[in-house]
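**Student:** Given next are the chains, with one letter for each unit.
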Amino acid sequence: MWLDRPVEVLARHPGKKRRRDLLEQRRFLGPALISPAIIFIALLVGAPLGLSVYLSLTNATAGSLSGDFVGLDNFTTQWSDPNFRTAFKNTIVFTLIANLIVVVGASVLAHFLIRPFRGKWILRFLILLPWAAPVALSTIGFLWIFDSLFSVVNWVLRSLSLVDAFNPPQWLGDPTLALAAITTVHAWRLLPFATVIMIAGLASIPNEVNDAARVDGATGLKKLWFVTLPLQLPIATIAVLFGIVFTATDMAVVYILTRGGPFNSTQMLPMWAFQTGINSGSLGPGAAIALYLLPVLALVTVLMLLFARRVEVT
Amino acid sequence: MPTRRRRESVLTYAVVGPFALVLAFPFYWMLWTALKTDGDLYNTENNPFGFAQGSPTLDNVRFLFEQTDYLRWLGNTALVGAVVVLITLAIALPAGYALARLSGRWGQSLGVGIFLVYLVPPTLLFLPLSRLIAELGLQDSLWALVLVYPSFTIPFATWLLMGFFKTIPRELEDAALVDGASRIRSLLHVVFPISLPGILTVVIFSFSLCVNEFVYALAFITQSSSKTISTGIYTELIRGDVFFWGALMAATLIPSIPLALLYNTFLDRFIAGFTGGAFR
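Chains V and W, in that order, give the protein sequences. If you're matching positions, the first sequence starts at 0 in our numbering and goes up one per residue. If you're matching positions, the second sequence starts at 98 in our numbering and goes up one per residue.
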């Protein structure tokens with residue numbers, strides 16, 4: 000690869016000094032190492048993103064990538080569209096609830112999984128399964144678990160006489176239950192990864208800190224509250240950040256479980272953008288919907304990264 | 098002391114056990130469903146936790162391997178994942194290093210900037226990219242995915258590696274430089290070898306992102322023999338209203354178990370990589 004070449008040249012022609020000097024200069028080497036990444040990102044993300052921003056300001060439809068300039072019409076029309084409103088609200092609700100469950104569950108789980116115990120390997124394997132399974136496939140698994148006729152959840156509830164046998168809950172057919180089902184799937188699939196990140200956070204707490212806490216007489220809950228939790232905060236922030244990004248931008252779970260239905264009640268922004276822009280071919284509005292998400296996510300990310308760094312420094 | 102230790106271990110099982118049960122239950126259910134005949138599966142009189150009417154059977158697994166392109170999809174997924182991981186490393190390793198060491202103050206901002214790229218949702222890039230794929234004549238080709246997937250693996254990998262390289266003491270490299278090695282040589286022989294946990298983290302994470310990807314794979318590839326598992330199973334084993342439940346569940350279970358074994362085996366390394374990287 001391109002990195003190898005200078006080394007080879009150096010080895011064979013030690014006399015070629017100019018080239019060598021150039022590579023030793025920070026001013027030259029830095030940009031040389033970064034530029035492939037920048038060029039790749041500019042071509043495959045920057046350019047398409049620019050084109051999408053342009054599309055969001057036009058009335059382009061499927062088949063062509065140009066249309067008449069309509070200003071911010073797509074954004075204002077969408078903002079007053081009830082489906083967009085539902086999608087916007089759902090995206091926030093899914094993301095917040097799922098990540099709340101994940102961060103609490105992962106903190107607890109990490110606290111126990113960091114210590115050795117008999118059978119840890121197999122339990123950890125079971126806990127990691129949802130992370131290992133491709134999300135589109137495990138969601139199909141949930142499609143079966145929440146099936147309208149053969150749902151195992153309903154079978155158990157029925158045998159415990161907790162639900163009406165002739166009118167069992169329609170997990171994916173009732174708006175509220177469908178929202179709960181989607182949130183559950185997100186929380187389920189993100190929990191293992193968040194746990195792993197939390198274990199990483201706990202593992203990075205130096206032993207001296209624990210020793211110092213013991214010397215100062217901090218044990219049990221006191222130690223947890225004043226020593227472990229504050230030190231775990233930066234990495235917990237990172238875990239939540241990933242959780243938020245994964246939930247808010249994911250389309251596979253909603254697409255497979257409900258396709259935004261029933262009656263668009265479980266729409267979320269990526270799904271609604273896909274249906275508007277790609278399925279119905281309204282490129283302009285589709286791009287506008289997807290663009291609503293971006294500044295929100297960017298702001299959340301910057302704030303959380305700043306927070307994680309500040310907490311860590313102090 | 099022994100009683101306290103015992104109480105602690107009981108508490109561990111009481112907490113970790115239920116979590117493991119809930120998280121793994123869908124997989125247990127996939128296994129049971131995969132082993133059932135259609136007759137057993139669709140009879141609401143039967144206890145779903147037991148077997149009846151010809152179950153358990155391996156027919157669903159046989160169907161999957163003999164009547165569908167399943168093996169092909171597995172191979173495609175592994176191939177795309179491996180090539181994308183290689184491309185990601187080739188581009189993100191030097192970039193992450195340069196951001197951590199060489200570019201001073203603006204390195205940090207540029208690093209966060211690159212991470213922000215990761216947030217751009219596929220829906221937004223999707224139309225222009227599909228035009229690009231068409232122009233290049235890559236529809237129905239795995240190369241379309243190989244070209245597009247680094248757009249989300251590189252930003253993440255660069256950011257993580259940047260954090261990781263910052264934790265490697267500069268003195269180590271300076272020692273190599275004093276010994277007369279060039280910067281590139283010290284990079285290849287000193288920095289990269291001790292960065293293995295970080296590199297491994299990037300490999301696992303990038304590979305898992307590729308295996309999970311759904312939207313691009315769904316849109317760019319319609320020919321069965323070029324599909325990946327995420328989309329192949331969804332599009333070929335659900336035909337209209339007909340769901341091949343047994344085969345679907347077997348298809349999910351088969352790649353998940355070796356992947357989970359792999360993650361579990363390398364987890365300690367992964368954790369080391371993440372502590373070194375993510376929050377520096």
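Bear in mind the hints are in silico, worked out from the structure with no lab data behind them. Hints are not guaranteed to be accurate.
[Said to hold, decoys possible] Short derived list, chain V residues pointing at chain W, Cβ under 10 Å:
(1) 39
(2) 51
(3) 71
(4) 195
(5) 290
As the structure is a computational prediction, the values presented were derived from the model and not from experiment. Cβ coordinates follow ideal geometry from the N, Cα and C atoms, glycine included.
**Student:** Confirm or reject each hint.
**Tutor:** For each hint, the structure was consulted:
Among the interface hints, the one on residue 39 of chain V holds; its C-beta lies about 6 Å from the nearest C-beta in chain W, closer than the 10 Å criterion. Checking residue 51 of chain V against chain W by beta carbon gives a least distance of about 5 Å; that is within 10 Å, so the hint holds. The criterion of a C-beta within 10 Å of any C-beta in chain W is not met by residue 71 of chain V, whose closest approach is roughly 17 Å, and the hint is violated. Interface restraint check for residue 195 of chain V: the shortest CB-CB distance to chain W comes to about 7 Å, inside 10 Å, so the restraint holds.
Hint status for residue 290 of chain V relative to chain W: holds, with the closest Cβ pair at about 7 Å, below 10 Å.
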